[in-house]
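Residue numbering for the sequence shown follows this note's numbering, beginning at 701 and increasing consecutively.
What the hints contain is simulated information worked out from the structure, not anything from laboratory work. Beta carbons: idealized from backbone N, C-alpha and C, even for Gly. Any given hint could turn out to be false.
To be verified - Just the calculated beta-carbon pair ranges, DEER-fashion:
#1 S746 to S886: 37 to 45 Å
#2 K966 to D788: 24 to 32 Å
#3 E823 to P945: 28 to 36 Å
#4 L965 to T715: 25 to 33 Å
#5 N931 to G977: 20 to 28 Å
What the hints assert, rightly or not - Below, simulated DSBU-like cross-link-like pairs (lysine-lysine); rule was C-alpha separation at most 35 Å, straight line:
#6 K766 to K956
#7 K956 to K966
#8 K901 to K766
#9 K971 to K901
#10 K956 to K971
#11 K966 to K901
#12 K829 to K817
#13 K966 to K766
#14 K766 to K817
#15 K766 to K820
#16 K956 to K901
#17 K971 to K766
#18 K829 to K766
#19 K829 to K971
#20 K956 to K817
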Amino acid sequence: MEHSPVKSLEKTQQTVINGLSVDVEDWFQVGAFENVIDRDDWDDLSLRVEDNVLRILDMFAEAEVKATFFTLGWVAQRHGSLMRRIVDAGHELASHGYDHARVFNFDRQEFGQDIAKAQKILEDASGVKITGYRAPSFSIDQRTPWAYEELAAQGYRYSSSVAPIAHDHYGWREAPRFAFSPLRGSDLVEIPVTTAILGGKRVAAGGGGFFRVLPYAFSRWAIRQVNREENRPAVFYFHPWEIDPDQPRVPGAPIKSRLRHYTGLKQMSAKLRGLIGEFAWGRMDEVAEREALLAHATSDEWGE
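Model the full structure from these sequences, guided by the hints.
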C-alpha cells in the first residue's frame, strides 16, 4: 500500500527543528531609514556590523546552535574575513542581495544582476557555494512572479523571502504559510517567515521588530503553536543591529521609523538567549531540505 509523502514525513518527525537566521546588514541599511540615509553616504558612516556578528557567533557557540546568515554583498565586500568566520563556525552563509534594494523595485533583468553580483561576492569571500536567498524586507510577492525563475536559473535551492501577511512595508497575504514550490518542474522551495493564527487571522511571529516589541510570551506561544499543533518548523530572523543598543541615532527620521528601529534594543540579547535555549534550532538549508518533500507534495494546492 502506498503512503502519502506528507503523512510519511509527519510520522517520522519527532523533534521539530526550527530555522534560525540572521539578516546581516548594518544599522543604516534598513528600510526604516531608506529615505533618510543616502546609499552614497554609507561608507562615511560608522560600520558596526562586524562586531555585532562576532557577538552573535559567540552567543550561538555558547548555546551550541547553528544558523543561517543571510548577508548583503555590500557587507561581504568590506568584511571578507567575517564571512569565513561564519562558515568556519559551521553556519550557513546565504544571500540577502547586494545592497538591500527591494525586489519589487527591480525589473527582472535588474533583479538577476543583483542576485548574481551578491552571490559572486559571497562565494569569493567565503569559498563556499551560496544556494539560499532572502529578499530584503521580504519583498518577493505577487508583483514579482519572475523572481523565482531568476533564482532557479542561477542555482539557488531555496528562498525565504515571503511574509504571508499584510504589512505597510511588505507582505503577500495570499501566499501559503509554510513551505511551497513556486515553480513547476523546479526543486526550488520557498520557506516563508513564520506566522501564527490568532482569532482566525494570521499574525507575524517570525522575529525582527515584532520579537523586540511584543512580550516574550507571545513568541513562545506562536512557536509552540507551529511546532506542536501544526508539526512544522518556525522560521525566525533578527538583525545584528538589534543587539546593539549603543548604535547611532538618526536625526530627521520619521517618528514611526524611529520607534520601529530603536524599541526594545536593550532587552534583545536576553530575549534571544531565552528563545535559543527553549527551542530546537538549525540552519535554513537543512530546514529547506526537510520541508522540500512537503512543499512539492502540496504544490498542486498552490496555483499550479
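Now for the hints, and whether the structure bears them out:
For S746 paired with S886, a C-beta distance near 42 Å keeps the hint of 37 to 45 Å intact. At roughly 31 Å, the beta-carbon separation of K966 and D788 lies within the given 24 to 32 Å, and the hint holds. The given range of 28 to 36 Å is respected by E823 and P945, whose C-beta atoms sit roughly 34 Å from each other. For L965 and T715, the hinted distance range of 25 to 33 Å is satisfied, since their beta carbons lie about 32 Å from each other.
The given range of 20 to 28 Å is respected by N931 and G977, whose C-beta atoms sit roughly 22 Å from each other. For the given pair, K766 sits about 34 Å from K956 by alpha-carbon distance, which is consistent with the 35 Å threshold. Note on K956 and K966: the hinted pairing holds, with a Cα-Cα distance of about 19 Å set against a maximum of 35 Å. Among the hinted pairs, K901 with K766 is consistent with the structure: their alpha-carbon atoms are about 31 Å apart, no more than 35 Å.
The straight-line distance between the Cα atoms of K971 and K901 is roughly 25 Å, inside the 35 Å bound, and the hint therefore holds. In summary, the hint linking K956 to K971 is supported, as the alpha carbons are separated by about 23 Å, within the 35 Å threshold. With a C-alpha separation of about 30 Å, the suggested pair K966 and K901 falls inside the 35 Å cut-off, and the hint holds. Simply put, K829 and K817 have alpha-carbon atoms about 14 Å apart, close enough for the 35 Å limit, and the pair holds.
Annotation: proposed proximity of K966 to K766 holds, straight-line Cα distance about 24 Å (limit 35 Å). As the CA atoms of K766 and K817 are separated by approximately 26 Å, the hinted pair is consistent with the 35 Å bound. A distance of roughly 23 Å separates the Cα atoms of K766 and K820; the hinted pair therefore holds under the 35 Å criterion. For the suggested pair K956 and K901, the alpha carbons sit about 24 Å apart, so the restraint of at most 35 Å is met.
Proximity of K971 to K766 is assessed by CA-CA distance (about 18 Å); at most 35 Å being required, the pair is judged to hold. In summary, the hint linking K829 to K766 is supported, as the alpha carbons are separated by about 18 Å, within the 35 Å threshold. Between K829 and K971, the direct Cα distance comes to roughly 32 Å. Compliance with the 35 Å bound is thereby established for this hinted pair. In summary, the hint linking K956 to K817 is supported, as the alpha carbons are separated by about 33 Å, within the 35 Å threshold.
Checked against the numbered hints given earlier, this structure breaks none of them.
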